[in-house]
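Build out the structure end to end from the sequences listed, making use of the hints.
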Amino acid sequence: MTALYDPTAPLTASGNLRRRRAVSAVASSATILAAVLAVGVLALVVFTVIQRGAGAISWQFLTAAPPQFGGPGGGIAPAIVGTATIVAVAAAMAMPVGVAVAIFLTEYAGGRLTRPIQLAVDVMNSLPSIVIGLFVFGLLVAGRHQSGFAASFALAMIMLPLIARSTQEMLRLVPGTLRDAAEALGVSRWRTIVGVILPSALGGIVTGTVLAIARAAGETAPLLIVCSIYGNKTTFDIFGQAIPNIPVSIFTLSEQADPSGFTKAWGAALVLLTFILLTNIVARTLLARSRRNMTR
Amino acid sequence: MTARTAHARRATAARRRANRIDRWAGLALYATCLAASLLVALLIVDVAYQLVHGSHLAFSRFGLGFLTTSEWAPNFNRFGAAPLLFGTIVSSAMALVIALPIGAAIGLFLSMFAPRAVRGTVGPLVEMLAAVPSVILGLWGILVLGPWVRGTAEPALHGAFGFLPIFGPAQTTGASMFTAGIVLAIMVVPIIASVSRDLFLTVPRELRDGAEALGATPWEVVRGVVLPATASGIAAAACLGLGRALGEAIAVTQVIGNRTGVHASLFLPGDTLASRVANQFQGATSALHTSALFYLATLLLIIGIATNVLAQWIGHSFDRRIGVAR
Chain A
1 MTALYDPTAP LTASGNLRRR RAVSAVASSA TILAAVLAVG VLALVVFTVI
51 QRGAGAISWQ FLTAAPPQFG GPGGGIAPAI VGTATIVAVA AAMAMPVGVA
101 VAIFLTEYAG GRLTRPIQLA VDVMNSLPSI VIGLFVFGLL VAGRHQSGFA
151 ASFALAMIML PLIARSTQEM LRLVPGTLRD AAEALGVSRW RTIVGVILPS
201 ALGGIVTGTV LAIARAAGET APLLIVCSIY GNKTTFDIFG QAIPNIPVSI
251 FTLSEQADPS GFTKAWGAAL VLLTFILLTN IVARTLLARS RRNMTR
Chain B
1 MTARTAHARR ATAARRRANR IDRWAGLALY ATCLAASLLV ALLIVDVAYQ
51 LVHGSHLAFS RFGLGFLTTS EWAPNFNRFG AAPLLFGTIV SSAMALVIAL
101 PIGAAIGLFL SMFAPRAVRG TVGPLVEMLA AVPSVILGLW GILVLGPWVR
151 GTAEPALHGA FGFLPIFGPA QTTGASMFTA GIVLAIMVVP IIASVSRDLF
201 LTVPRELRDG AEALGATPWE VVRGVVLPAT ASGIAAAACL GLGRALGEAI
251 AVTQVIGNRT GVHASLFLPG DTLASRVANQ FQGATSALHT SALFYLATLL
301 LIIGIATNVL AQWIGHSFDR RIGVAR
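Line by line, the protein sequences are chains A and B. Under my numbering, think of the first position of the first sequence as 1, with each following residue one higher. Under my numbering, think of the first position of the second sequence as 1, with each following residue one higher.
Hints should not be assumed to be uniformly reliable.
[As the list claims (entries may be wrong)] Using C-beta positions, here's what the derived DEER-type ranges look like: (1) B:L42 - A:L202: 23 to 31 Å; (2) A:F47 - B:G224: 34 to 42 Å; (3) B:A28 - A:A92: 17 to 25 Å; (4) A:A288 - B:L39: 25 to 33 Å; (5) A:I50 - B:S286: 38 to 46 Å; (6) B:A28 - A:A257: 29 to 37 Å; (7) A:L185 - B:R17: 55 to 63 Å; (8) B:N75 - A:V282: 46 to 54 Å; (9) B:N75 - A:L202: 50 to 58 Å; (10) B:I302 - A:Q51: 41 to 49 Å.
Everything labelled a hint here was simulated from the structure, so no lab data went into it. Note that the Cβ used here is the ideal one computed from N, Cα and C, for glycine as well.
Written out as structure tokens, the structure is:
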């Protein structure tokens, strides 16, 4: 019977160690495979959208209205204008409220209201977008009519928690020394917030808002409920009837069994995806930079 | 002498005025932030109110029997949510079964195994997958993934695992619970990946170094130290992903086939709560129909909140059991 421990044994891999190393290699390769799979799916989706959508893109597609009674030809100009309008109004509503909530939660933290408000923001963030759609339907559409404003309101509810969260993160990154310095100079609380803390967090707040815009621009479920029965006119009138928009156009075209509609859907998807991915890339780059500046 | 006092008096008055302005401005800023916060709280309360209000008609007509009725016949004013609850649970569960191992593996790759340069590109790319709008993923789902599922995946799975009832005979359309599960998995993977990556990075460096110094291979460090220390967090990440899958309406309605029915086979069409609302709300034929859809959304909200509560409860009890100090 051999001893359990043999000090003269050579320090090379025994069979057991070889097996353990092999298991480790297999496991780490599996994680690489998972990452390749996810990136591959992204590439596949983006590639398909480009491949099938590029054929649809033309000057006419981007600037003309769709034919009034469906069918081939025409473009998606009213939908592009409509989505831009809806999202801009939503951002104008969500950004001030989101930033104010974030200031309340970080700068005026510690009160009895902090926890419930934080909970409310988290709940709002976890609401399925279709539920937000039904809520806005009950609040603004039922008994009245669909409108661009209702769509903006729904998108604002999707953007608000995202903006509040990214602003909170940025406010927490503002160095404590800045606050201390302002306090030592006898600067009042509100001047410190408005004049010192907000400006130094501004870059992050803006990019956070841009990311929220990119997220909201593609939301379809709430728009389907509150802003989906529209004509083919380009309009900025958000309080009038429903206004055309890209996500609902893609959805409607994809649900019809019409091949020329599919081509248009891919074209509209390409326009939307280009906007969203470019916005994401730019905003993420800027965000990383302003984070670095803050923590340096 | 008098000039000096007058000057001092003026200065004091100016300071008082400044103080007063400061006080009012400070109060105004606080009031604004408080008002915004209360608005958010009010909106949440109003969401609950609107859903209850909207579903009142259906609730008073069907009561809780709605949950166990499997019929959905708008023309006959008969509505039941059982097949939709089934479809929601099955499609989300399938998404989670696929997405949890893949997402956690990506999290491990990004936090443990990948070189820094690879991390910097792969991480944002995976997050970019979450930025693809659901309507575009759904479009891809019906026109690209669906045909592939019908032509390749279904026959292959039925051939290999046909003895399991979930892999029934292949169908003529690609619109099925199976396709919906895959599309949902694609949406859930980036969420689990980014949450679990951040989670794995919180494991103290010394713990990992200690295990390595004892001769553990990289995988043994993960199995023995990283995963046990973060298990509750992974469960929470899974619940976050589950919440996303449960609530997704558009992409699911595009690919699931929109049929009412409870089938064992994943290759048959079905429907979910959220998908049914998205699909039928515009064309609702009666007030009762609309109300039934509101009822579905209320159920969705309750399930979502329950998932969240469960996630936190799992986290807490697990932390207590293994005695992780946080």
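Worksheet item: In this structure, is the beta-carbon distance linking B:N75 and A:L202 contained in 50 to 58 Å?
Response: holds (57 Å)
Fill in: Cβ distance range 23 to 31 Å for B:L42 and A:L202, holds or violated
holds (28 Å)
Discussion item. Please check whether A:I50 and B:S286 have a Cβ separation lying inside 38 to 46 Å.
Written reply: Cβ of A:I50 to Cβ of B:S286: about 44 Å, so the range 38 to 46 Å holds.
Discussion item. Verify the CB-CB distance for B:I302 and A:Q51 against the hinted window 41 to 49 Å.
Written reply: Holds, at about 42 Å.
Worksheet item: Honestly, do A:F47 and B:G224 meet the 34 to 42 Å range at C-beta?
Response: Since A:F47 and B:G224 have Cβ atoms about 40 Å apart, the given range 34 to 42 Å holds.
Worksheet item: If you check the beta carbons of B:A28 and A:A92, does the distance land in 17 to 25 Å?
Response: holds (21 Å)
Discussion item. Tell me if the beta carbons of A:A288 and B:L39 are separated by a distance inside 25 to 33 Å.
Written reply: Since A:A288 and B:L39 have Cβ atoms about 32 Å apart, the given range 25 to 33 Å holds.
Item to complete: May I ask you to test the hint 29 to 37 Å on the CB atoms belonging to B:A28 and A:A257?
Response: violated (58 Å)
Discussion item. Holds or violated: the 46 to 54 Å window for the beta-carbon distance between B:N75 and A:V282?
Written reply: holds (51 Å)
Worksheet item: How does the Cβ-Cβ distance of A:L185 and B:R17 compare with 55 to 63 Å: does it lie in that range?
Response: With Cβ atoms ~19 Å apart, the hint is violated.
In the structure shown, a violation is registered for the earlier hints numbered 6, 7, in ascending order.
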